[in-house]
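Enquirer: Single-letter residue listing:
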Amino acid sequence: MSDLTALTLEAALAGLKARDFSSVEITKAHIEACMDGADLNAFITTDFENALDAAKASDAKLANGEGGALEGAPIGIKDLFCTENVKTTAGSKILGEFKPQYESTVTANMKQDGMVMLGKLNLDEFAMGSSNETSAFGSVVNPWKPEGKNDAELVPGGSSGGSATVVAANMCLAATATDTGGSIRQPASFTGTVGIKPTYGRCSRWGIVAFASSLDQAGPITRTVKDSAIMLQSMAGYDPKDSTSINKDLPDFSAACDRSIKGLRIGIPKEYTMDGMPGEIDDLWQQGIEWLKDAGVEIVPVSLPHTKYALPAYYIVAPAECSSNLARYDGMRYGVRVEGEDLNDTYEVTRAAGFGKEVRRRIMIGTYVLSAGYYDAYYLQAQKVRTRIAEDFTNAWEICDALLTPTCPSAAFPIGRKVNDPVTMYLNDIFTVTANLAGLPGISVPAALDKDGLPLGLQIIGRALDEETVFAAGAALEKAAAFTAKPKKWWV
Amino acid sequence: MSDKNSGVTAETVKKIARLSRLHVEDDRLAHLADEMNGILAWIEQLGEVDVEGVEPMTSAVEMPAPMRADVITDGGVRDKVLANAPKTEAGYFVVPRSVE
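Taken in order, these protein sequences are the chains called S and Y. Counted the way our numbering counts, the first sequence spans residues 3 to 494. Counted the way our numbering counts, the second sequence spans residues 444 to 543.
Treat the hints with caution; some may be incorrect.
[Claimed, not checked] Calculated cross-link-like contacts (lysine-lysine; reagent style DSSO-like; alpha-carbon spacing at most 27 Å):
hint, chain 1, residue 1, chain 2, residue 2
1, S, Lys95, Y, Lys530
2, Y, Lys523, S, Lys95
3, S, Lys490, S, Lys453
4, Y, Lys457, S, Lys359
5, S, Lys58, S, Lys101
6, S, Lys101, Y, Lys530
7, Y, Lys530, S, Lys113
8, S, Lys243, Y, Lys523
9, S, Lys101, Y, Lys523
10, S, Lys95, Y, Lys457
11, Y, Lys530, S, Lys89
12, Y, Lys457, S, Lys89
13, Y, Lys458, S, Lys30
Honestly, the hints are just simulated from the structure, not real lab data.
Throw the hints in and build the complete structure from the sequences for me.
Expert: Below is the structure:
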C-alpha cells in the first residue's frame with residue numbers, strides 16, 4: 003500500500019469512502035508518523051487510544067455507506083480548543099491538568115462529521131506569539147531546515163506552530179488552528195502549508211480559549227487549498243452560543259476552489275512592503291502577479307494608507323482584550339493554585355507562577371492602556387485607527403475583488419533569534435494583522451522556496467463573507483505555483 | 444495624545460502589576476518599565492493618525508446584537524462545574540478567607 007500519510011485530506015476521504023483502506027489503517031499510519039516525529043514537539047497531548055476507537059466506529063459507518071464529511075480522517079487539534087475529557091492547556095502551565103467538561107463548537111462540528119482526533123497540538127502560550135517559543139511545553143521545531151545546515155533549528159511560526167508542523171511533516175491529514183494577528187497564515191507560510199482565516203464570525207468561538215475576542219478566529223491548516231475548503235466547511239457555521247457568530251448559510255467552499263478567476267480584479271497594495279525585507283519576497287510577489295495575470299485576472303494598484311498603523315493598533319487592542327479575558331485565571335475554579343498569605347497574594351503568586359513572560363507582558367500592557375487616564379489616549383485611539391484601517395479596505399473594494407500580498411516579511415528564522423526583542427517579533431504579523439483588525443478572510447498559499455530552500459507564502463485577502471473568491475484565487479495561485487516541495491525527513 | 448505619560452516608571456509598573464494581580468519582585472520593576480516603554484514608544488505613532496470624527500470600531504462585521512428569550516438553557520451540572528477546581532468540599536469551591 004502507498005504511504006497513507008502522504009495523501010491529501012481530499013484523497014484520503016475519497017479512499018476511505020471507496021474502502022481502498024480503512025480508517026484504522028490510515029489512523030495507525032498517522033500514529034506511527036506522530037511517534038516518529040516526537041522530536042518536533044508538535045503535540046502537547048496525544049490521544050491515540052481514543053483515536054483508534056473513533057477510527058473503528060468510523061469504519062463501521064463507512065462499511066454501511068454512511069459517515070460525515072470528515073469520516074475516518076485523522077486530524078490534529080490546536081490545544082486552544084476545549085475537548086471533552088481531553089486535557090486542554092492553551093500552551094500554559096496555569097491550566098494544570100484542566101479537562102474540559104464540554105466540547106468546543108468547532109471540534110463538536112468536526113466530530114459530528116466523523117473526524118478522528120489524534121491529539122492536542124502545541125502553540126504559543128494562550129496563542130500569544132509568532133514563533134511557538136512562548137509555549138510552556140517548549141518550542142515546536144520546524145520540519146524544514148535551511149539547505150546544507152542540518153544542525154539549524156527553525157521556528158515553525160506561531161501561534162499555530164504545532165498545527166503547521168504536523169501538516170507539513172505528514173503527521174496529520176489536516177489540523178485546526180486559530181488566528182488573532184496572523185497565527186494561521188504566518189506558520190502556514192513558514193512550513194509550506196495552506197492556512198485560511200475566515201471572516202470573523204464564520205467559526206464559533208465557543209469553547210476556544212479566549213485571547214482577544216474581537217480578533218480571534220478559527221480556521222484550518224492543510225496541505226492544499228481544497229483541503230482547507232473541506233475543513234472549513236465542517237468547522238464553520240452559525241452557533242447561538244457565540245453572540246458574534248454570523249447567522250448566514252455557508253457557501254460551498256470546495257466548489258469555489260474550482261471556480262474560474264478570469265476577469266477578477268486583484269488589488270496590489272503598495273504599502274505591503276517593509277524595510278529590510280528580502281528581495282526574494284518582492285520577486286515572489288511579482289511572480290504571483292504574473293501567475294494571476296496568466297489566469298485572466300486584471301491587476302489593479304491600490305493604496306491602503308493606514309497599513310503601517312495596523313500593528314501598533316493591534317498591540318493596544320489585543321493586550322487590552324487579553325488582560326480582560328485572562329482575568330479569569332485566578333486559581334479558584336480551575337487550574338493550578340499557589341497558596342499565598344491572603345486572597346490577593348494567592349491571586350498574585352498563582353498568576354505570576356502560571357503565566358509565562360510574554361503573557362505577563364501583554365496583561366500588563368493591556369491593563370496599562372485600559373487604566374484610568376490612558377483609556378482615551380490609547381484604547382479609544384486604537385479603535386478609531388482600526389475604523390480607518392477597515393475603511394481602507396472598503397475603499398479598495400470599490401476597484402478590486404481581492405488583494406494579493408506576501409504573507410510574511412521573511413522565511414522561518416532560527417529558534418532563539420527574536421525571542422528577547424518583542425517589537426521585532428511583532429513585525430512578523432505586519433501583512434496578516436490588517437485582516438484581523440478588519441475581520442476579513444485571508445489565505446496563505448505556499449508559492450516558492452527561497453535561496454536557502456525554505457518555503458514562502460503568498461496571501462489573498464477578500465471581502466467580508468467572500469471566502470469563495472479567496473478560495474478561487476488561492477487555488478489559482480496554488481495551481482500556477484505548483485509547489486510540491488516537502489521537508490527532508492530528518493526527524494525519524 | 445496629549446494626556447499621555449512621558450514614560451512608565453518603576454512605580455507605575457508596581458501599580459499596574461497590582462491591578463493585573465501579578466506578583467513582581469521589586470528588582471524586576473526597572474527592567475519591566477524599560478520593556479513597557481520600548482513597546483509604548485513604538486505604539487506612540489498612532490497619535491499621527493487623523494481620527495477627527497471617526498467612530499471607534501466596536502465589531503469587525505456589522506450585525507445587530509442577537510436577542511434570545513431570558514430562559515434557563517443549561518444547568519444542573521454541579522459536579523462538572525467543580526470537576527477542575529483546585530479545592531472543593533461538599534459540593535462547593537474552597538477559596539482563601541477574604542473577610543476577616
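Enquirer: Hints first: check each against the structure and report whether it holds.
Expert: Hint-by-hint comparison with the structure:
| no. | hint | result |
| --- | --- | --- |
| 1 | Lys95/S - Lys530/Y | holds, 18 Å |
| 2 | Lys523/Y - Lys95/S | holds, 21 Å |
| 3 | Lys490/S - Lys453/S | holds, 16 Å |
| 4 | Lys457/Y - Lys359/S | holds, 16 Å |
| 5 | Lys58/S - Lys101/S | holds, 24 Å |
| 6 | Lys101/S - Lys530/Y | holds, 15 Å |
| 7 | Lys530/Y - Lys113/S | violated, 32 Å |
| 8 | Lys243/S - Lys523/Y | holds, 19 Å |
| 9 | Lys101/S - Lys523/Y | holds, 10 Å |
| 10 | Lys95/S - Lys457/Y | holds, 24 Å |
| 11 | Lys530/Y - Lys89/S | holds, 18 Å |
| 12 | Lys457/Y - Lys89/S | violated, 34 Å |
| 13 | Lys458/Y - Lys30/S | violated, 54 Å |
The structure fails hints 7, 12 and 13 (numbered hints given earlier, in ascending order).
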